[in-house]
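Produce the entire structure from the sequences given, and follow the hints as far as they go.
Note that the protein sequences, when read in sequence, are chains W and U.
Counting in this note's numbering, the first sequence runs from 1 upward without gaps.
Counting in this note's numbering, the second sequence runs from 1 upward without gaps.
Accuracy of the hints is not assured; some may be wrong.
If the Cβ cut is set under 8 Å, some of the chain W residues that face chain U in the computed set are [claimed, not checked]:
{"#": "1", "residue": "Phe39"}
{"#": "2", "residue": "Lys42"}
{"#": "3", "residue": "Gly43"}
{"#": "4", "residue": "Pro44"}
{"#": "5", "residue": "Ile48"}
{"#": "6", "residue": "Phe89"}
{"#": "7", "residue": "Thr97"}
{"#": "8", "residue": "Lys99"}
{"#": "9", "residue": "Gly103"}
{"#": "10", "residue": "Thr104"}
{"#": "11", "residue": "Gly105"}
Quick list of in silico lysine to aspartate or glutamate cross-link-like pairs, EDC-like style, CA-CA up to 20 Å [to be verified]:
{"#": "12", "chain 1": "W", "residue 1": "Lys68", "chain 2": "W", "residue 2": "Asp53"}
{"#": "13", "chain 1": "W", "residue 1": "Lys42", "chain 2": "U", "residue 2": "Glu103"}
{"#": "14", "chain 1": "W", "residue 1": "Lys68", "chain 2": "W", "residue 2": "Glu26"}
{"#": "15", "chain 1": "W", "residue 1": "Lys57", "chain 2": "U", "residue 2": "Glu103"}
{"#": "16", "chain 1": "W", "residue 1": "Lys58", "chain 2": "W", "residue 2": "Glu26"}
{"#": "17", "chain 1": "U", "residue 1": "Lys30", "chain 2": "U", "residue 2": "Glu54"}
{"#": "18", "chain 1": "W", "residue 1": "Lys109", "chain 2": "W", "residue 2": "Asp84"}
{"#": "19", "chain 1": "W", "residue 1": "Lys94", "chain 2": "U", "residue 2": "Glu54"}
{"#": "20", "chain 1": "W", "residue 1": "Lys15", "chain 2": "W", "residue 2": "Asp53"}
{"#": "21", "chain 1": "W", "residue 1": "Lys94", "chain 2": "U", "residue 2": "Asp62"}
{"#": "22", "chain 1": "W", "residue 1": "Lys15", "chain 2": "W", "residue 2": "Asp84"}
{"#": "23", "chain 1": "W", "residue 1": "Lys58", "chain 2": "U", "residue 2": "Glu103"}
{"#": "24", "chain 1": "W", "residue 1": "Lys94", "chain 2": "W", "residue 2": "Glu26"}
Residues on chain W that point at chain U, a partial pick, calculated with CB under 8 Å [to be verified]:
{"#": "25", "residue": "Leu46"}
{"#": "26", "residue": "Ala49"}
{"#": "27", "residue": "Tyr98"}
{"#": "28", "residue": "Tyr100"}
{"#": "29", "residue": "Phe102"}
Simulated from the structure, these hints should not be mistaken for laboratory data.
Even glycine gets a Cβ: it sits at the ideal position worked out from N, Cα and C.
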Amino acid sequence: QQQVKQSPQSLIVQKGGISIINCAYENTAFDYFPWYQQFPGKGPALLIAIRPDVSEKKEGRFTISFNKSAKQFSLHIMDSQPGDSATYFCAASKAGTYKYIFGTGTRLKVLA
Amino acid sequence: DAGVTQSPTHLIKTRGQHVTLRCSPISGHKSVSWYQQVLGQGPQFIFQYYEKEERGRGNFPDRFSARQFPNYSSELNVNALLLGDSALYLCASSSLLAGSYNEQFFGPGTRLTVL
Numbered sequence: 001q002q003q004v005k006q007s008p009q010s011l012i013v014q015k016g017g018i019s020i021i022n023c024a025y026e027n028t029a030f031d032y033f034p035w036y037q038q039f040p041g042k043g044p045a046l047l048i049a050i051r052p053d054v055s056e057k058k059e060g061r062f063t064i065s066f067n068k069s070a071k072q073f074s075l076h077i078m079d080s081q082p083g084d085s086a087t088y089f090c091a092a093s094k095a096g097t098y099k100y101i102f103g104t105g106t107r108l109k110v111l112a
Numbered sequence: 001d002a003g004v005t006q007s008p009t010h011l012i013k014t015r016g017q018h019v020t021l022r023c024s025p026i027s028g029h030k031s032v033s034w035y036q037q038v039l040g041q042g043p044q045f046i047f048q049y050y051e052k053e054e055r056g057r058g059n060f061p062d063r064f065s066a067r068q069f070p071n072y073s074s075e076l077n078v079n080a081l082l083l084g085d086s087a088l089y090l091c092a093s094s095s096l097l098a099g100s101y102n103e104q105f106f107g108p109g110t111r112l113t114v115l
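The structure is reproduced here in structure tokens:
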């Protein structure tokens with residue numbers, strides 16, 4: 001029940017295309033869902049996050065879509081750029097614990 | 001403002017040795033969490049400290065321990081190192097202010113190699 005399942009494992013997108021990464025969870029007590037971007041040799045950087053009381057959140061080219069009934073959420077990267085090439089992690093946490101449960105990561109490559 | 005800082009950047013140890021990793025949170029943040037990230041996997045939660053008290057512990061053996069100091073910096077200690085302890089160790093800080101969204105900000109990590 002503590003798992004967060006992330007797919008796909010890897011993704012190749014043409015420059016200007018849309019990158020979509022999906023995550024699913026089991027524990028309905030989770031109430032915070034962040035996405036992190038990680039470059040090789042660096043720590044994860046917070047990209048965007050959402051709570052279950054909204055179905056979508058957009059920040060620049062990054063959008064989170066959230067489906068509470070399906071217990072799924074996804075990251076959409078619009079107009080993908082070669083500089084977006086990195087590993088992306090979804091995560092989930094529940095109030096009172098503050099620990100994050102991370103997905104297994106998606107390695108994104110955007111072709112120039 | 002400086003972000004989360006960690007030291008050292010890289011570390012090479014042999015099996016059986018002990019290691020201490022250090023972390024300084026973002027100024028004003030009182031909570032520090034530690035994560036282990038094995039190559040090709042997502043970070044795994046080890047500990048969370050808030051106001052110098054342990055508030056959470058992940059599924060790691062007792063060889064792993066940590067503490068938080070009055071200035072909110074933190075140390076992670078690992079005893080009797082095993083080859084499987086080779087990983088990137090990440091520190092994350094958060095403010096845990098009432099009404100905050102539980103945002104955690106990660107440092108660059110310490111790459112530990114056990115030979």
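Here's how the hints hold up against the structure:
For Phe39(W), the suggested interface contact is broken, since its CB lies about 10 Å from the closest CB of chain U, more than 8 Å. Satisfaction of the interface hint for Lys42(W) is found here, the shortest Cβ-Cβ separation to chain U being roughly 6 Å, below the 8 Å cut-off. Below 8 Å, beta-carbon pairs count as interface contacts, and Gly43(W) has one with chain U at about 4 Å; its hint therefore holds. Restraint check, Pro44(W) versus chain U: the minimum CB separation of about 5 Å is within 8 Å; hint holds.
Interface hint status for Ile48(W): violated, as the beta-carbon distance to the closest one in chain U is roughly 11 Å, over 8 Å. Look at Phe89(W): its Cβ gets to within about 5 Å of chain U, closer than 8 Å, so that hint holds up. Satisfaction of the interface hint for Thr97(W) is found here, the shortest Cβ-Cβ separation to chain U being roughly 6 Å, below the 8 Å cut-off. Below 8 Å, beta-carbon pairs count as interface contacts, and Lys99(W) has one with chain U at about 4 Å; its hint therefore holds.
Because the smallest distance between the Cβ of Gly103(W) and any Cβ of chain U comes to about 6 Å, under 8 Å, the interface hint for this residue holds. Annotation: interface hint on Thr104(W) holds; nearest CB of chain U at approximately 5 Å, less than 8 Å. For Gly105(W), the interface hint holds, since its Cβ comes within 8 Å of a Cβ in chain U; the closest pair sits about 5 Å apart. Restraint check: the Cα-Cα separation between Lys68(W) and Asp53(W) comes to about 9 Å, which is no more than 20 Å; the hinted pair holds.
Proposed proximity of Lys42(W) and Glu103(U) is supported: the alpha carbons are some 18 Å apart, at most 20 Å. For the given pair, Lys68(W) sits about 11 Å from Glu26(W) by alpha-carbon distance, which is consistent with the 20 Å threshold. A C-alpha spacing of about 16 Å is found between Lys57(W) and Glu103(U), which places the hinted pair at or below 20 Å, so the restraint holds. With a C-alpha separation of about 24 Å, the suggested pair Lys58(W) and Glu26(W) falls outside the 20 Å cut-off, and the hint is violated.
Under the criterion of a C-alpha separation no larger than 20 Å, the hint pairing Lys30(U) with Glu54(U) is consistent with the structure, at around 12 Å. About 8 Å separates the Cα atoms of Lys109(W) and Asp84(W), which keeps this hinted pair within 20 Å; it holds. For the hint linking Lys94(W) to Glu54(U), the alpha-carbon distance of about 17 Å falls within 20 Å, and the restraint holds. With a CA separation close to 33 Å, the supplied pair Lys15(W) and Asp53(W) exceeds the 20 Å bound.
Of the pairs offered as hints, the one joining Lys94(W) and Asp62(U) is violated, with about 25 Å between alpha carbons and a cut-off of 20 Å exceeded. With a C-alpha separation of about 10 Å, the suggested pair Lys15(W) and Asp84(W) falls inside the 20 Å cut-off, and the hint holds. The straight-line distance between the Cα atoms of Lys58(W) and Glu103(U) is roughly 17 Å, inside the 20 Å bound, and the hint therefore holds. About 12 Å separates the Cα atoms of Lys94(W) and Glu26(W), which keeps this hinted pair within 20 Å; it holds.
Residue-level restraint check for Leu46(W) holds (minimum Cβ-Cβ distance to chain U is 6 Å; threshold 8 Å). Taking 8 Å as the C-beta cut-off, the interface hint given for Ala49(W) holds, the closest approach to chain U being about 6 Å. The beta carbon of Tyr98(W) is positioned within 8 Å of a beta carbon in chain U (closest approach about 6 Å), and the interface hint is therefore held. Contact between Tyr100(W) and chain U, as hinted, is supported at the beta carbon level, the nearest pair being about 6 Å apart and thus within 8 Å.
The beta carbon of Phe102(W) comes within 3 Å of a beta carbon in chain U, closer than 8 Å, and the hint placing it at the interface holds.
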